[in-house]
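Here is how the chains run, residue by residue.
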Amino acid sequence: MILHGLNVTNVRKFVAPTQLCGLGPGLNVLAARNEFGKSTLLAALRAAFMWRYSSTGRQVKELRPFSDQAAGPIVNVDFSIGNIACHLEKRFLSRAGMSLRVGDETFSNADAEEKLQDIMGLEAQGRGEACGVWSALWVTQGDSLKQPELSGRASDALTACLEGELGNITGGAEATRLLAMVRDERAVLLDGRGRPKGRYKAAIEEEEAASAEITRLLERRRALEDDIETLAEKRRLLHHADDATRHEQETADLMQARRDRDRLHQHAARLKAARAEVQLAHGRLAIAHDAITRRATMEAERQRLSARTDELRAAMDAAQQRCDRAEQATAARRHDLQAATVRLQAAQEMHRRASQREKASAWQREQADATTLVTRLEQAAAQVAQAELHLATLRVDDAMMNRLRQAERTADRASARYSEQAARIEFSLRPDIAGQVRINGAPLSGTQLEITAATLLHIPGIGDIRITPPGADDHAHALQARTQARDALAALLAQAGCADMTAALEAHVTRQQAERTVSEARKMQAHLLSADMTDPAAALAAARARVMELDRLLASVAQDPDAAALPPLAEVQDALGTAEAQVEAARAALLSPDGEARQARDMLTRHRTELEQAQQQLDRLTLELTRERMAQPDDTLATRHQEAQAARDTAEGALRACEADRPDEDEAMVDARISRLERTLENRRTEVGELRQDIAALSGRIGIAEGDGLDERIAEHERLRDGHARERAECARQVEILTLLADTLAATAQDATEQYLAPLTRAMEPALRGLFPRAQVTLGTDFSITGITRATAEEFDTLSDGTREQIAVLARLGMADLLHTRGQQAMVVLDDALTFSDSGRMEQMFDILTEMSRRLQIIILTCRSEQFAGLGARRLSVETAGA
Amino acid sequence: MRFVHTSDWQVGKVFRFADDSTQSVLQDQRLEVIGRIGRLAREHGAQAVVVAGDIYDHEIPVDRTLRQPIERMRQFPDLCWHLIAGNHDPNVPGGIWDRLHAIGLPDNIVAHLDGRPAPMDPAGAAWVIPGGLKRRHVATDPTADMDSAETPAGVIRVGLAHGSVRDFGSDEVQNRIAIDRARRAGLSYLALGDWHGQQRIDERTWYSGTPEIDGFDRGGDGGGHALVVDLAGPNARPEVTSHRVGRFVWHRDSATLTQEQDIAALEHRLRNIDPQEAGHVLVWLSVRGALSLEGLQAYQDMLDALGSALRLLRVDGEPTLLPHADDLDLFGTGAVRAAAAILSERAGEGPEEQRDIATAALRRLALMVGAGDSRKGAAS
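Quick note, the sequences are listed as chains S and D, same order. All the letters of the first sequence, read from the start, carry residue numbers 1 to 883 under the UniProt record's numbering. All the letters of the second sequence, read from the start, carry residue numbers 1 to 380 under the UniProt record's numbering.
In short, the hints are calculated from the structure, not lab data. Treat the numbers as computed from the prediction; the structure is a model and nothing was measured. Note that CB positions come from ideal geometry on N, CA and C, so glycine has one too. Careful: at least some of the hints might be erroneous.
Short, incomplete list of chain D residues facing chain S, as computed with Cβ under 8 Å [as the list claims (entries may be wrong)]:
id	residue
1	Val-14
2	Ala-338
3	Ile-357
Computed list of chain S residues with no C-beta within reach of chain D, every gap over 12 Å [said to hold, decoys possible]:
id	residue
4	Leu-231
5	Thr-455
6	Gly-707
7	Asp-708
8	Glu-718
9	Thr-748
10	Gln-776
Full structure from sequences and hints, please.
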């Protein structure tokens, strides 16, 4: 196929009729700037061949002019098939239609469309699109990196070419088609991961669901059987429990037991009454007996009290006599005690006087010692006072001495600093002029001089020299400090009463001596003091008071001139002891009769009190006894007692008769029987009620379960399960069949593909090796390039953009060349392709394109005119009508 | 006295092999046949119908299933229907008969559950002596009490029981009925149920068989009928006539296919089971043999056609592929033919399952190639 002319009207930017000029066999290049409309021209070309004129799809609408959306695109194409000239015109959207002239034949609209598809090898794809190998050979902008996509008729055409190359039919395409069908069929049953889907999956799920439902229903069936068995058992139990005969018998037994218990209760009441009567009779008898006994007791008590009062009166008389005797003895003993007391007082006086006489000599010695102590204390006090007086006159004590020394050191340091501030002038003057030189008006003497202030040195015959030492201010300060220190020292010396430091030192020594004297005087004084009285003044006062006390005692002894005549002290002390013993003896003798008298008085009082009480009791008892006998004489009392005894005997007889009449049965046993029978009847009532409830509940449950028709439902679900299982097995079998078929077809298709791809590979390899020497390509069954082998095998997708683009272009050229060789129509259009190629590869591609263009028409649309200038191609131009 | 003897209705029976539509039709016909039995009784002037057990297929049917046969019988108030319990619907406590009792049976239906004789007709000329089952399986003869069953003198004694008069070699004897029970018990007629095929045991003892066949294995021994019994007197020999009441034909067949003539013969045979009512024919076919690829295609075409014509076509087995060099020509040349050759080789060797799959794959491939050729042919 050779494209000779392309004319577009109302296509995007080309509103006016626009002609692509210069087209011819071989290489054709349209080099123009961006947005010139190159891609629009290719789009118009594709639309003319691949889109039905009646299409209203988006891509067709996009062909409309930007400025006039109502205008319908028109494309005219002149081309030739072999030597047959063809002209194609297509109008889209507005007044859509087409015409096709092939040689002398002209077709229009649908016929034209069909004819066009036939001669171009196109295949209708729906939605107004037709597709063929052209979509792979006419490469739009941006698609040059993509592999050519071939399907359907395009693939068939290429395959037919390849198989024709081989000289026979490999069947690869047919096998691949069948393989796709098989896979499609299997895809109905299995998903992409090989898991069941669709009816296969549904069969599995429904079989499982049916099995689960069967399990559930069987479980309900078992529960129902249990319920039915339980219901039968409950009914049997109810029949047994609801036995009327047995119920009547048990009721009669209960009534009889209750009557037995009533009889026992009545007997127990009678027995109780008889016992109470016996007890009452005993009580009455006891009362009568107690009354007799009490009266006898009272009589005995009255007689006892009468005897007692007589005894007490006799005892009172005896006690009175004893008391009188004791009082007389007591008076005699008191007289003896008074006499002994007088004698003791005389002995005590004598002892006092004898004792003072014995103490007088000791008091005299003590009085002399006390007087001596007073004297010595007075002397010591005088010595201390004198020494202290002397010490007080001496002012240079240790503190003063320290202050003086401190002031002296301060003055020395001030003087030293003053001297340090002075400028020293050492000089040696001739003796003849020594007196003539004057300093500050005074003659200069000595050999050196310290100058601390501005000084005027006058040298006769020469003049005056003023010397001003540096730091006059510091020097003044030093001088002032020295003067203050010296003044302070002088003031302290004056305060100490000393002329200088030497005198101060002497005064200090003198004071230290005086302090030692005072200390010694105090030590002497301290020796005179007792340990318990350290105050000298107080000790002196105490000594003086003791001297005065002793003087008084000695004076009192001197006033008793008869003392000397007294017997010795020892005798006096013996006489005193004897007198004291007598007094004690008289006192002791007084105690005995006094106690006797007291005891006698106490006894008398006690007997009197007791007598009074006994008499009162006797009077009261006598009165009470008299009253009772007046109310109930003793004979009456005896009669009552006899009647009570008779009544007791009667009651006891009745009790014995009642006890003898006691029923044989035990009341507890009867109660237990009643309780048992009552419980039995109650339990049966409860049991019957519960059983009826259970039976009702079970019947209801069974009715519901039976109403659900478990057996029938189980059977129905088993049928469903079996049906699903058959369906599942059939699906599994189909999957197995399809898998085997797919695997077998895939294997044979692969073998066939490898056979018929060989010519395409061979067709591509010359061009490919022009670019990649010694390279080999690997093709897939869809004619896509899966890899390239240079030094090593490389996946197509891993290659660089430039290499992939070059290989993709070479693949299209190879296909076109193969189609052309096999007599098929082929023409290549590349829109802005090879954009990723470097200059070296581009040159190689030019060579390949040039070589290919000897057999094929190749149209290149590019914006890089300089780069494609060296291609030696036809230069295309675009002309617009009226421009 | 004239009455109809039937049994083994087994209403509610589920046919596991059937699809939903077939299942529905088969179940419906098990009810419809009751009407046909009633009409048969009317046509022959019968006064009663005795049903010898297994009215129901399940001990616990759904309520609708429970009521359906009752309602069908209610439609014949002029007939007295005498029922007993069978092994599929035994009279267990709380079971199906209690449910029926709770529902309440129409006056024209008598369920003989207590084993006591009862009049068969209002005049009391004949008495039913029932021998229904109280459990699915009983070890004792359910008709044993018939010997001592008391009935008024001079009446016709009709025994009604469910069980087997033979043990068929089973170790465990269940529901076994003495084969001479009619003679022992002085019965004018013993109406039996349990066997689904109609069977005469002796002149007074009959199995009526199921009125609507329900299995392939019982299709050929008389199922699908009901008996009209005519008794002139207690000692008169019963006149028993069999009448077809069933609708479906259950046919089991087998074929060995080795050539296309075999296929044609089989198809002819199956189509002629009931040429006028093929939709009432159910076939269970067992197939073996070996066919060429074309033969397999023809066989598949036959199955497709019969499957549509018959009510049910159930097929076991499949003819294997008989490899033939010419067969591969069907696949043309190239890859498809190579694939067919591989499959053909696999179809002729290895385990049966593998051969089966390979044969099916080859058939599938042939169908696909054939469809492709047809398409091309149609296009040309």
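Here is what the structure says about each hint:
A distance limit of 8 Å between C-beta atoms decides the matter here; for Val-14 of chain D the minimum to chain S is near 4 Å, and the interface restraint holds. Taking 8 Å as the C-beta contact cut-off toward chain S, the hint placing Ala-338 of chain D at the interface holds, the least distance being around 4 Å. At its closest, the beta carbon of Ile-357 of chain D sits 5 Å from a beta carbon of chain S; the interface hint therefore holds under the 8 Å criterion. Listed as a non-interface residue, Leu-231 of chain S fails to keep its Cβ farther than 12 Å from every Cβ of chain D; the least gap is roughly 6 Å.
Even its closest Cβ contact with chain D, about 143 Å, leaves Thr-455 of chain S beyond 12 Å, as expected for a residue assigned away from the interface. Separation of Gly-707 of chain S from chain D is inadequate, the least Cβ-Cβ distance of about 5 Å not exceeding the 12 Å criterion. In this structure Asp-708 of chain S is not separated from chain D by more than 12 Å, as the shortest Cβ-Cβ distance comes to only about 7 Å. Chain D draws Glu-718 of chain S into its interface by the beta-carbon criterion, the shortest separation being 6 Å against a cut-off of 12 Å.
Some Cβ of chain D comes within 12 Å of the Cβ of Thr-748 of chain S; the nearest lies about 4 Å off, and the non-interface call is violated. Residue placement check: Gln-776 of chain S keeps its beta carbon more than 12 Å from all beta carbons of chain D (closest about 24 Å).
In terms of the numbered hints stated before, the structure departs from hints 4, 6, 7, 8, 9, listed from lowest to highest.
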